[in-house]
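Engineer: Go ahead and model the full structure; you've got the sequences and the hints to work with.
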Amino acid sequence: MEKNRKILEAIKNHSLESKTISFATVSGIVTTNPGMIRRIDALPDFTLITTKSYQVNPNPGNREPVIVEPGNGSFGNAVGLRNPGMIKGLEELKKLTSRETLTSILNISVSGNSVEEFITLIRHFEGIADIIELNLSCPHAAKGYGMAIGTDPEVVYSYLSELRKVTDALIFPKLTPNVDSISEIAIAAVQGGADGITAINTAGPRLYVEPVSGEPLLLNNSGNKGGMSGKWIKDLAVKKVSEIREALGPDIPIIGMGGIETGEDVRNMMRAGADIVGIGSLFASIHPDDWNSFFPALKNDAVNNSDTASVYRNTNKKMEYVPHNITGIKDLPGDARVLELDGEISFKAGQFVFLYIPGTGEKPFAVMKGSPPS
Numbered sequence: 012m013e014k015n016r017k018i019l020e021a022i023k024n025h026s027l028e029s030k031t032i033s034f035a036t037v038s039g040i041v042t043t044n045p046g047m048i049r050r051i052d053a054l055p056d057f058t059l060i061t062t063k064s065y066q067v068n069p070n071p072g073n074r075e076p077v078i079v080e081p082g083n084g085s086f087g088n089a090v091g092l093r094n095p096g097m098i099k100g101l102e103e104l105k106k107l108t109s110r111e112t113l114t115s116i117l118n119i120s121v122s123g124n125s126v127e128e129f130i131t132l133i134r135h136f137e138g139i140a141d142i143i144e145l146n147l148s149c150p151h152a153a154k155g156y157g158m159a160i161g162t163d164p165e166v167v168y169s170y171l172s173e174l175r176k177v178t179d180a181l182i183f184p185k186l187t188p189n190v191d192s193i194s195e196i197a198i199a200a201v202q203g204g205a206d207g208i209t210a211i212n213t214a215g216p217r218l219y220v221e222p223v224s225g226e227p228l229l230l231n232n233s234g235n236k237g238g239m240s241g242k243w244i245k246d247l248a249v250k251k252v253s254e255i256r257e258a259l260g261p262d263i264p265i266i267g268m269g270g271i272e273t274g275e276d277v278r279n280m281m282r283a284g285a286d287i288v289g290i291g292s293l294f295a296s297i298h299p300d301d302w303n304s305f306f307p308a309l310k311n312d313a314v315n316n317s318d319t320a321s322v323y324r325n326t327n328k329k330m331e332y333v334p335h336n337i338t339g340i341k342d343l344p345g346d347a348r349v350l351e352l353d354g355e356i357s358f359k360a361g362q363f364v365f366l367y368i369p370g371t372g373e374k375p376f377a378v379m380k381g382s383p384p385s
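Okay, so the sequence shown: first residue is 12 according to this note's numbering, each after it adds one.
No lab work stands behind these hints, which were simulated from the structure alone. Note that the Cβ used here is the ideal one computed from N, Cα and C, for glycine as well.
Computed Cβ-Cβ distance ranges for the label pairs, DEER-style:
id : residue 1 : residue 2 : range
1  : Pro-307   : Ser-382   : 37 to 43 Å
2  : Val-322   : Arg-74    : 35 to 41 Å
3  : Ala-360   : Met-330   : 20 to 26 Å
4  : Val-177   : Lys-17    : 18 to 24 Å
5  : Lys-30    : Val-349   : 52 to 58 Å
6  : Arg-16    : Ser-321   : 34 to 40 Å
7  : Val-177   : Glu-28    : 35 to 41 Å
Structural biologist: Spelled out as structure tokens, the structure:
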């Protein structure tokens, strides 16, 4: 198909040598709703937008907290593939694209637990998707989904070969790094009919413990564990993408991601073999007002071995719990309730705080005053 050929050419048409660098969003971060898809599509530095992973039926995901930051720029997450299901998902995306034409390649991520479910999802979305991304790699998905499929080359080949029979859509499986030989998985995927590869998904999973209570921070049915993303998987991502490129040769498109923060990181990922570089956890460090300045600077840094983009990046730790005790509870008319805490909280108008009760969960609360907090 001519459309598919042009999309693949658009992905492959990037290199450090030609100073043509472009970015992609990654599944589950930022472009998780039509409004944010529209926002990123307006940024000329992004060639490809990836949706959240859609499933056949709605999935509420895991109870909050679903993301933690053990170290500066290093995250743990267990969202649990929260999504509205394929019917609502297609409705939202059709409404978006009927109002305006996206300039970016639309990569729709799907997650099934069988060939039949993936066929259902592909047939549902193929009319609107430029690419279908198969989530074969989520480490905190329910049993039978994500990484449960993507760690065996024979299973991957079986899935891809069956899916290739039912669609002409471009198919990019997203691979897990949690295998001894990611090259074997990539080869099996391409031999089965994949048009390109997305790599990598989060590493792990692992357990994250709240230091004061000693309780697990994440709450889910996977042992309260979550995947690793951001800075601490940077080297692993480059290694795995390099292995994939070496195994597949120069022609298969690769969307490479994992821990990208600086121009040097972009350069290393492209030298490893990525055609387009995925941006995920980095969004937590850049204020939305600075996106239009940051991403051109990031590209410039990759080409010129400079570091001009760092002025826009918040290098402080973004998430950290501070212990407080509840000193009072006031019920207001209706369903409103005021919690009073000890200590102090520094905040600005319009900001929320996330209150976490160990072993129970986390929810956002509006702040009325900071000393004492309420």
